[in-house]
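A.B. asks: Letter by letter, the chains look like this.
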Amino acid sequence: MEKFSLNCLELQEYQPNRYPFLMIDHVDEVMPGEYATGHKNLTLNEWYFPVHFPDGPNMPGALQLEALAQMLTVAITTLPGLKGKVTHALQHTVRFKREVLPGERLDIHTEVLSWKRGICKGKGTASVNGEVACEADMTITIPEILEEYLPKVKA
Amino acid sequence: MPNKEKYDQVFIESFSLPADAAVAKLAYQSITEWDSVGHMGLIANLEEAFDIMMDMEDIIDFSDYKTGIETLKKYQIKI
Chain A
-3 MEKFSLNCLE LQEYQPNRYP FLMIDHVDEV MPGEYATGHK NLTLNEWYFP VHFPDGPNMP
57 GALQLEALAQ MLTVAITTLP GLKGKVTHAL QHTVRFKREV LPGERLDIHT EVLSWKRGIC
117 KGKGTASVNG EVACEADMTI TIPEILEEYL PKVKA
Chain B
0 MPNKEKYDQV FIESFSLPAD AAVAKLAYQS ITEWDSVGHM GLIANLEEAF DIMMDMEDII
60 DFSDYKTGIE TLKKYQIKI
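These protein sequence lines map, in sequence, to chains A and B. Note that the numbering used here has the first sequence beginning at -3, numbered continuously upward. Note that the numbering used here has the second sequence beginning at 0, numbered continuously upward.
In isolation and in its complexed conformation, chain A is listed as follows (with noise of 0.2 Å):
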């Protein structure tokens, strides 16, 4: 498979959140089944600014999560036949270095540890400036491959 990008409307075919969840901006470059690393812009008008903080706005490690989660989640979709699926966190295990702030660009970049019967190990790390902001061990499914390999329940 050869490496490619995607932009912000030609990311959404393979990544099923939308405002104002959508957490990812623009994919610099992916190769499908093993990275995806692309950015996110932080202006002052994002929807969490204004609650958190009123007096000392950054964006919630929670969504910097997300952020990381969505793009692992395009180098898995990108692999043929994964277009457009849906994916669920299964565990993620974060720590937190710095602050996100207004006006920064957050520089995401994940990798495909291991991608099997519809669940996916990664890690990826999110960073401004190249200083690291985030980092994350994350393992993502995409339930629809995931529940053809489970024993049919007895009722």
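A portion of the hints provided could be inaccurate.
As the list claims (entries may be wrong) - Pairs of lysine-lysine, PhoX-like flavour, derived with a Cα cap of 20 Å: (1) A:LYS148 / B:LYS24; (2) B:LYS3 / B:LYS77; (3) A:LYS81 / A:LYS112; (4) A:LYS148 / B:LYS65; (5) A:LYS(-1) / A:LYS79; (6) B:LYS65 / B:LYS24.
Bear in mind the hints are in silico, worked out from the structure with no lab data behind them.
On the provided structure of chain A, position chain B as indicated by the hints.
C.D. replies: Below, chain B alone, put in the same frame as chain A:
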């Protein structure tokens, strides 16, 4: 390590059970740890432990400890 011991150990480690857990009574969804994700972890750990690659239908049929013993016979693994 004998196959029986190895087989039991995979259950114990996959589901984080005590070493003396009654694994022979386990079935899919009989404990909270053996859920959909736990099932995939169990299968992956069995494949690694016995160096096999299970077919989709065998993964679906692997619904309890005893059935698993029969399934592994297909892969020349005698428990």
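A.B. asks: Now tell me, hint by hint, if it's right for this structure.
C.D. replies: We went through each hint and held it up to the structure:
{"no.": "1", "hint": "A:LYS148 / B:LYS24", "in the structure": "holds, 18 Å"}
{"no.": "2", "hint": "B:LYS3 / B:LYS77", "in the structure": "holds, 8 Å"}
{"no.": "3", "hint": "A:LYS81 / A:LYS112", "in the structure": "holds, 15 Å"}
{"no.": "4", "hint": "A:LYS148 / B:LYS65", "in the structure": "holds, 16 Å"}
{"no.": "5", "hint": "A:LYS(-1) / A:LYS79", "in the structure": "holds, 15 Å"}
{"no.": "6", "hint": "B:LYS65 / B:LYS24", "in the structure": "holds, 8 Å"}
The structure agrees with every numbered hint stated previously.
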